[in-house]
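*Asks:* Given these sequences and hints, build the entire structure.
Protein chains: 2
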Amino acid sequence: MEWKETLSRYIDLTNEALSTYTDIENGENQQVINAMQYSLFAGGKRLRPVLTLAAAEMLGGSAKMALPYACALEMIHTYSLIHDDLPAMDDDDFRRGKPTNHIVYGDGMAILAGDGLLNLAYEIMLDDATKQPNPKPCLKAAHTIAVAAGIHGMIGGQSADLMNEGQSKQEEPSADTLAYIHEHKTGALLAAALTAGAYVAGATEKEAEAMKSAGFALGLAFQIQDDLLDLEGDAEEMGKPVGSDLKNEKMTYPAIYGVEASHEKVRALTDGALGIFEGFGSSSAFLQSLATYLISRRS
Amino acid sequence: MEWKETLSRYIDLTNEALSTYTDIENGENQQVINAMQYSLFAGGKRLRPVLTLAAAEMLGGSAKMALPYACALEMIHTYSLIHDDLPAMDDDDFRRGKPTNHIVYGDGMAILAGDGLLNLAYEIMLDDATKQPNPKPCLKAAHTIAVAAGIHGMIGGQSADLMNEGQSKQEEPSADTLAYIHEHKTGALLAAALTAGAYVAGATEKEAEAMKSAGFALGLAFQIQDDLLDLEGDAEEMGKPVGSDLKNEKMTYPAIYGVEASHEKVRALTDGALGIFEGFGSSSAFLQSLATYLISRRS
Numbered sequence: 027m028e029w030k031e032t033l034s035r036y037i038d039l040t041n042e043a044l045s046t047y048t049d050i051e052n053g054e055n056q057q058v059i060n061a062m063q064y065s066l067f068a069g070g071k072r073l074r075p076v077l078t079l080a081a082a083e084m085l086g087g088s089a090k091m092a093l094p095y096a097c098a099l100e101m102i103h104t105y106s107l108i109h110d111d112l113p114a115m116d117d118d119d120f121r122r123g124k125p126t127n128h129i130v131y132g133d134g135m136a137i138l139a140g141d142g143l144l145n146l147a148y149e150i151m152l153d154d155a156t157k158q159p160n161p162k163p164c165l166k167a168a169h170t171i172a173v174a175a176g177i178h179g180m181i182g183g184q185s186a187d188l189m190n191e192g193q194s195k196q197e198e199p200s201a202d203t204l205a206y207i208h209e210h211k212t213g214a215l216l217a218a219a220l221t222a223g224a225y226v227a228g229a230t231e232k233e234a235e236a237m238k239s240a241g242f243a244l245g246l247a248f249q250i251q252d253d254l255l256d257l258e259g260d261a262e263e264m265g266k267p268v269g270s271d272l273k274n275e276k277m278t279y280p281a282i283y284g285v286e287a288s289h290e291k292v293r294a295l296t297d298g299a300l301g302i303f304e305g306f307g308s309s310s311a312f313l314q315s316l317a318t319y320l321i322s323r324r325s
Numbered sequence: 027m028e029w030k031e032t033l034s035r036y037i038d039l040t041n042e043a044l045s046t047y048t049d050i051e052n053g054e055n056q057q058v059i060n061a062m063q064y065s066l067f068a069g070g071k072r073l074r075p076v077l078t079l080a081a082a083e084m085l086g087g088s089a090k091m092a093l094p095y096a097c098a099l100e101m102i103h104t105y106s107l108i109h110d111d112l113p114a115m116d117d118d119d120f121r122r123g124k125p126t127n128h129i130v131y132g133d134g135m136a137i138l139a140g141d142g143l144l145n146l147a148y149e150i151m152l153d154d155a156t157k158q159p160n161p162k163p164c165l166k167a168a169h170t171i172a173v174a175a176g177i178h179g180m181i182g183g184q185s186a187d188l189m190n191e192g193q194s195k196q197e198e199p200s201a202d203t204l205a206y207i208h209e210h211k212t213g214a215l216l217a218a219a220l221t222a223g224a225y226v227a228g229a230t231e232k233e234a235e236a237m238k239s240a241g242f243a244l245g246l247a248f249q250i251q252d253d254l255l256d257l258e259g260d261a262e263e264m265g266k267p268v269g270s271d272l273k274n275e276k277m278t279y280p281a282i283y284g285v286e287a288s289h290e291k292v293r294a295l296t297d298g299a300l301g302i303f304e305g306f307g308s309s310s311a312f313l314q315s316l317a318t319y320l321i322s323r324r325s
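Chains S and L, in that order, give the protein sequences.
Note that the first sequence covers residues 27 to 325 in my numbering.
Note that the second sequence covers residues 27 to 325 in my numbering.
Hints may contain errors.
The list makes no distinction among identical chains, and a pair is therefore deemed to hold if it is satisfied within one copy or across any two copies.
Heads up, simulated DSSO-like pairs for lysine-lysine below, C-alpha to C-alpha not over 27 Å straight-line [what the hints assert, rightly or not]: (1) 71 to 157; (2) 30 to 71; (3) 30 to 124; (4) 162 to 90; (5) 90 to 157; (6) 157 to 124; (7) 124 to 71; (8) 162 to 71; (9) 291 to 157; (10) 71 to 90.
Hints listed in this document are in silico derivations from the structure and should not be mistaken for laboratory results.
*Replies:* This is the structure:
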């Protein structure tokens, strides 16, 4: 299981860097830093940073050069969860078995903690890019992440999600809308994780495009798997209540296409991503193992 | 009054560019774009973009090259107002005479609209920097803005403000805390506006530092003037209820130091900024006129 050692190395690198990035000041702004650290170290799987570091190494770069972009992605992912959990959005009190940010710090501070993480992601990337003799590859990585996180990406997906919640009783959920939400809310950032890692390592546009396709396929597979786990999973293993999508009348892939077709779709999408990784040769062994593992996860 | 024509030119340039930047798509993400546009075009004075464009021209650059950074600053300022107005923060129903974002679009969409504007600011700057043959000056501008907007700047100030609200009855407001809030919540972004414009135009570090000092002085003067207008101003001219700081038990400069000393401080700070601008010679005429005008404003 050599790939699991690599996984641990990527996760350790990420956690160390995230600690360093948020080990700052101790003054009037202490509370927002506490709130940011709370969610940043609340048990996230570090999937996005792992993808970034792995893509960089696959393309011949180092994990170290990709770390600022890997950490930026984790900060952006974490901020989106903090804001999503707010009473004004999904109103979730628990995530990964722990009270959500606003339960601990209050709604106002949770909003600021999310804002702080989003902004810090860009501070880190711009600080790194400014120090490069040739900043172009890093700028491409940062720009890719910015587009994926914004209204053409994740925030666009969150907006569509918010507009469509609770509508399933009145009208059939549209398959197009569901596809838009999945592709943008989850897929865009996962695709950016692979693409940014590739760019930092000096990937060509063609290589970056291939990584983007693999990322969107994995992202959709990951999201459908999440929906299936919400239906079929074990609350204790998941660290959160299951069945919340049904309760919230959320449109999900299984709700529209059925459970069996959803499992089938996860397999087909994963095969697509595996095919792309194989095209990069033996240096893609880790990403192939990771993609295969993601299908079988229980939480 | 030639300087007022220049002011109009800067404001028109900013408004045109902001329209172009947000004239995008018409799909599943339409609602968050509507909400972003609503607050972006709700009567802002465009002070930050004006400072950026003026600083760039003063240093021999063009307003056009500074526009992405000017618009990014206005987006960051606008997002901070949207989030500040939320029930979980200041709970304000009106701003500049119009219903606040969450009153029109709901709390959840207002949170996303703020997130969307913050992220779009970085998309725009990174897009511009990526296109430059030599991206270093633009990267310095973007990095300066990012640091000023984050936990070491504006968000740090918002966090301190949120932690200290409603405490004035229990304990004396600390002058240090008030200074921190003013310097970070308002000063940092105004200083970044002047500094970023200078960087884009190729300023030296020494010139950038001077502009930063002028920006902090103007920022503090502007904030104290705001506090004074909240006490002494006319609700109709202001476009919002006056006296809200007293109602919210907010620490303000006049509350701690008194009205007369506050007016005196505004004058002294403005003189400091004027001295710095004068050091740049005749090309600083516009910024000198603007600084003098800001003292006498009624809203």
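*Asks:* Against this structure, judge whether each hint is valid.
*Replies:* Quick rundown of the hints versus the structure:
Proximity of residue 71 and residue 157 under a CA criterion of 27 Å is satisfied in neither setting, with 29 Å inside one chain copy and 35 Å between copies. Proximity of residue 30 to residue 71 under the C-alpha cut-off of 27 Å is restricted to the intra-copy arrangement: shortest distance 13 Å within a copy versus 55 Å between copies. In this assembly of identical chains, the alpha carbons of residue 30 and residue 124 lie at most 27 Å apart only when taken from the same copy (26 Å versus 56 Å across copies). Taking the shortest alpha-carbon separations for residue 162 and residue 90, both the intra-copy value of 17 Å and the inter-copy value of 22 Å come in at or below 27 Å.
For the identical chains of this complex, residue 90 and residue 157 are neighbours both inside a copy (14 Å) and across copies (26 Å), given an alpha-carbon limit of 27 Å. In this homomeric assembly, residue 157 and residue 124 never come within 27 Å of each other (Cα to Cα): the closest approach is 38 Å inside a single copy and 44 Å across copies. For the identical chains of this complex, residue 124 and residue 71 are intra-copy neighbours only, at 14 Å inside a copy versus 43 Å across copies, given an alpha-carbon limit of 27 Å. In this homomeric assembly, residue 162 and residue 71 never come within 27 Å of each other (Cα to Cα): the closest approach is 30 Å inside a single copy and 35 Å across copies.
Taking identical chains as interchangeable, the C-alpha atoms of residue 291 and residue 157 are never at most 27 Å apart, the minima being 43 Å within one chain and 39 Å between chains. Taking the closest pair of Cα atoms, residue 71 and residue 90 come within 27 Å of each other only inside a single copy of the chain (19 Å); across copies the shortest separation is 44 Å, beyond that limit.
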